[in-house]
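A.B. asks: Chains A and B, in that order, give the protein sequences.
Counting from 8, one number per residue, gives the positions in the first sequence under this note's numbering.
Counting from 2, one number per residue, gives the positions in the second sequence under this note's numbering.
Simulated from the structure, these hints should not be mistaken for laboratory data.
Since we're looking at a predicted model, the values are computed, not measured.
You may find that some hints are simply not true.
[What the hints assert, rightly or not] SDA-like mimics (lysine to any residue), calculated; alpha carbons at most 25 Å apart, straight line:
1) Lys55(B) with Asp352(A)
2) Lys225(A) with Val87(B)
3) Lys182(A) with Leu165(B)
4) Lys366(A) with Phe132(B)
[To be verified] Derived coverage of chain A by chain B (criterion: at least 3 residues anywhere in the stretch with Cβ under 8 Å from a Cβ of chain B; other residues may be distant):
5) 230-236
6) 239-246
7) 273-282
8) 359-369
Glycine included, every Cβ here is placed at the ideal spot set by N, Cα and C.
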Amino acid sequence: MNQGIRRALVAVVAAATLAVVAACGGGEESGTAAQEAGPVTLSVLTFNDYIPENLAEEFEKKTGNTLEITYITSNEDGIAKIEGAEPGTYDIAFLTSPFTQGLIAADKVEALDGSKIPNLANLYPEAAELAYDPGNAHSVPYSWGTTGICWRQDLVGDTVVDSWSDLLTPDDNLKGKVTMLDEDRWLLEPALKTLGFSLNTTDADELQQAVDLSIQAKSTLLGYDAETFYSKLVSGEAVAVQGWDGWCNYGTAEDANIQFVIPSEGSDLWVDTLVIPKGSTHIEQAHQFMDFILEPQNGQWVAENILYKVPNKAAMEALDPALLEQFPNMAIPPATLLEQEALEDLGEGQSAFTDAASKVKAG
Amino acid sequence: MPQQASPLPPSAAAAEGGSRRARLGALVLAPALVWWAIFLALPMGLVLATAFFKGGAYGAIIYEPTLRNLERALDPLYVGVLWHSVWLAMLTTAICLVLGYPAAVYIATRASARTRTLLLVLVILPFWTNFLIRTYAWIVLLNREGVVNGALEGLGIVDEPLSLLYNDAAVVLGLVYGYLPLMILPLYAAIERINPEVLEAATDLGARPLRALRTVMLPLIIPGIVAGCVFVFVPSLGNIPVPELLGGGRSEMIGNLINRQFLTTRDWPFGSMLVLALMVLLMALLVLQSFVLRRSRQVGVDG
Numbered sequence: 008m009n010q011g012i013r014r015a016l017v018a019v020v021a022a023a024t025l026a027v028v029a030a031c032g033g034g035e036e037s038g039t040a041a042q043e044a045g046p047v048t049l050s051v052l053t054f055n056d057y058i059p060e061n062l063a064e065e066f067e068k069k070t071g072n073t074l075e076i077t078y079i080t081s082n083e084d085g086i087a088k089i090e091g092a093e094p095g096t097y098d099i100a101f102l103t104s105p106f107t108q109g110l111i112a113a114d115k116v117e118a119l120d121g122s123k124i125p126n127l128a129n130l131y132p133e134a135a136e137l138a139y140d141p142g143n144a145h146s147v148p149y150s151w152g153t154t155g156i157c158w159r160q161d162l163v164g165d166t167v168v169d170s171w172s173d174l175l176t177p178d179d180n181l182k183g184k185v186t187m188l189d190e191d192r193w194l195l196e197p198a199l200k201t202l203g204f205s206l207n208t209t210d211a212d213e214l215q216q217a218v219d220l221s222i223q224a225k226s227t228l229l230g231y232d233a234e235t236f237y238s239k240l241v242s243g244e245a246v247a248v249q250g251w252d253g254w255c256n257y258g259t260a261e262d263a264n265i266q267f268v269i270p271s272e273g274s275d276l277w278v279d280t281l282v283i284p285k286g287s288t289h290i291e292q293a294h295q296f297m298d299f300i301l302e303p304q305n306g307q308w309v310a311e312n313i314l315y316k317v318p319n320k321a322a323m324e325a326l327d328p329a330l331l332e333q334f335p336n337m338a339i340p341p342a343t344l345l346e347q348e349a350l351e352d353l354g355e356g357q358s359a360f361t362d363a364a365s366k367v368k369a370g
Numbered sequence: 002m003p004q005q006a007s008p009l010p011p012s013a014a015a016a017e018g019g020s021r022r023a024r025l026g027a028l029v030l031a032p033a034l035v036w037w038a039i040f041l042a043l044p045m046g047l048v049l050a051t052a053f054f055k056g057g058a059y060g061a062i063i064y065e066p067t068l069r070n071l072e073r074a075l076d077p078l079y080v081g082v083l084w085h086s087v088w089l090a091m092l093t094t095a096i097c098l099v100l101g102y103p104a105a106v107y108i109a110t111r112a113s114a115r116t117r118t119l120l121l122v123l124v125i126l127p128f129w130t131n132f133l134i135r136t137y138a139w140i141v142l143l144n145r146e147g148v149v150n151g152a153l154e155g156l157g158i159v160d161e162p163l164s165l166l167y168n169d170a171a172v173v174l175g176l177v178y179g180y181l182p183l184m185i186l187p188l189y190a191a192i193e194r195i196n197p198e199v200l201e202a203a204t205d206l207g208a209r210p211l212r213a214l215r216t217v218m219l220p221l222i223i224p225g226i227v228a229g230c231v232f233v234f235v236p237s238l239g240n241i242p243v244p245e246l247l248g249g250g251r252s253e254m255i256g257n258l259i260n261r262q263f264l265t266t267r268d269w270p271f272g273s274m275l276v277l278a279l280m281v282l283l284m285a286l287l288v289l290q291s292f293v294l295r296r297s298r299q300v301g302v303d304g
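Bound conformation, chain A alone:
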């Protein structure tokens, strides 16, 4: 390599390093940014196919505000977008409860004014008792659910599938035909619950035990699958999988033999929420959006199209009973959901948890 090029390279790398170091210098804003009045364009962060297609149109008809939607692929992606952008870039973000809790703890979301969201009255009373945000002070819930075992009743012989240990130490009817989720917070769930530990533990010894048990279980797994587990049930390749309730319904829609059960050791409760990231200059209009999203027809759309349960009582009561019959897990009552352990933000403990999950995947 030419001396000049080498020197230029060193300069480039040094400049890059400086740029990285400089990027961390940004100060934290606090307090409320100057607000814009009147109809505005609200910038919304949400997941693909997660809101009704005509939502923007209807919202504009009702309030005059337009929506600009940015899709995120995961909660981590959403957090990265919020933290990486100038404050005020996003007015609304859809995030799952532990992430919402983390943002609240870090003072990165606006406090809500409940009087501006009259449709909160549409929610079940239980929806105001969620540990990540009691009283909906900083977030409104959009959908909720749990994780359990999704299984093919007709392909497991006389085996009764009702506990996490059925997946961890499967009998001959299940062996090699089990999949589990490999997303961090759910990867260790069967082991943690079987061992009687909290899903939110960051204790090194408890995590190690869960890692050991999960690695043992790998030999009887078909594989890890967090995307197409219900298709594997439909094809019969898998007969019992760890899966989210809503997604299990996608399997049930194709084969009525696919059932969902909350394991006897207990499971988790997740809630997808809406928050207003700190720095929004459209707080008033964002409240209007939250109120709009809590109108029964929007919750009903989620239940009918995403097959997720919603904390919106008015929406759930408007559902066709045939839907609840076809997808029995849609009828799990809020009280049962709240008996499950709510996933919490792990704060500093997150890296120990992540490390444990990496060990299972690598082991």
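Use these hints to put chain B onto chain A, whose structure you have.
C.D. replies: What follows is chain B alone, placed relative to chain A:
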């Protein structure tokens, strides 16, 4: 050949042409070099720098220098993942070489000109379809309800469907399938270039076929073999979709581990450290490659 019209004596013309050519060369190279600096050197510099910082919650990077990531990457668990990846990539390379060599020899020396074109098109044909889709196709073929199991059961060869998917063998199969053309093409190019008279001369001088192959043919195609091996080994080593889809995520390769650090767990510093480890390994491989090439050239000259 056109007549030389240069008024300068040949040596001066060469010198003048040489410096002009150097300047022209620099000019022609400049866009590529700028591209390289901005899109390769700069990001690599960032990766290197990031590897020595701390990871915070939700993907934040804490700008305190630390060796923690290095320590973590040296954990036997992660070294094991790297070793497992190297092993699978080596196995893939070896199988590709064994399968690719006869194919390349046939295409280069035995096939007629027309068949040769047809065969070469067939070799690169798979590249016209997305790699991910072709990998999914293997799932359709190999799953318990799949085409292969259906055929085996239909023929009465097996009673129970075989578990063909979600193991290391399926991963190697997918990798070999995906990268075999990258072995055949450089081998073909190397073999095709050999003047058949050279081999004939060796035989005429009394070399038995095996000796002619070993002392004449092999040194001549070593550059092709090495290039093919590198072309197959490198993308196999860092492969993400094949272990994910055909391995069922049960046995991770280094690419999956890195992918997860960046996309799922958002621990960029640790991910960067793993990238660094992979880069060191690949650089060692390239050094080995140039060493082998130099040796083979010497053998070619000395012999």
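A.B. asks: Given the hinted pair Lys366(A) and Phe132(B), is their alpha-carbon gap at most 25 Å?
C.D. replies: With a Cα-Cα distance of about 29 Å, the restraint between Lys366(A) and Phe132(B) is violated, given a limit of 25 Å.
A.B. asks: Going straight from one Cα to the other, do Lys182(A) and Leu165(B) come out at no more than 25 Å?
C.D. replies: holds (15 Å)
A.B. asks: With a Cβ-Cβ cutoff of 8 Å, does the region 230-236 of chain A contain at least three residues near chain B?
C.D. replies: holds (count 3)
A.B. asks: Mind checking, does the region 239-246 of chain A have 3 or more residues with a CB under 8 Å from chain B?
C.D. replies: holds (count 3)
A.B. asks: Check whether three or more residues of the region 359-369 of chain A sit with their beta carbon closer than 8 Å to a beta carbon of chain B.
C.D. replies: Holds: 7 residues of the region 359-369 of chain A have a Cβ under 8 Å from chain B.
A.B. asks: Straight-line Cα separation of Lys55(B) and Asp352(A) no greater than 25 Å?
C.D. replies: Satisfied, since the Cα-Cα distance of roughly 20 Å is no more than 25 Å.
A.B. asks: Three or more residues of the region 273-282 of chain A near chain B by CB distance under 8 Å?
C.D. replies: violated (count 0)
A.B. asks: Holds or violated: are the alpha carbons of Lys225(A) and Val87(B) at most 25 Å from each other?
C.D. replies: Given pair Lys225(A), Val87(B) holds - Cα atoms ~22 Å apart, limit 25 Å.
Taken one by one, the earlier hints fail for this structure at numbers 4 and 7, listed in ascending order.
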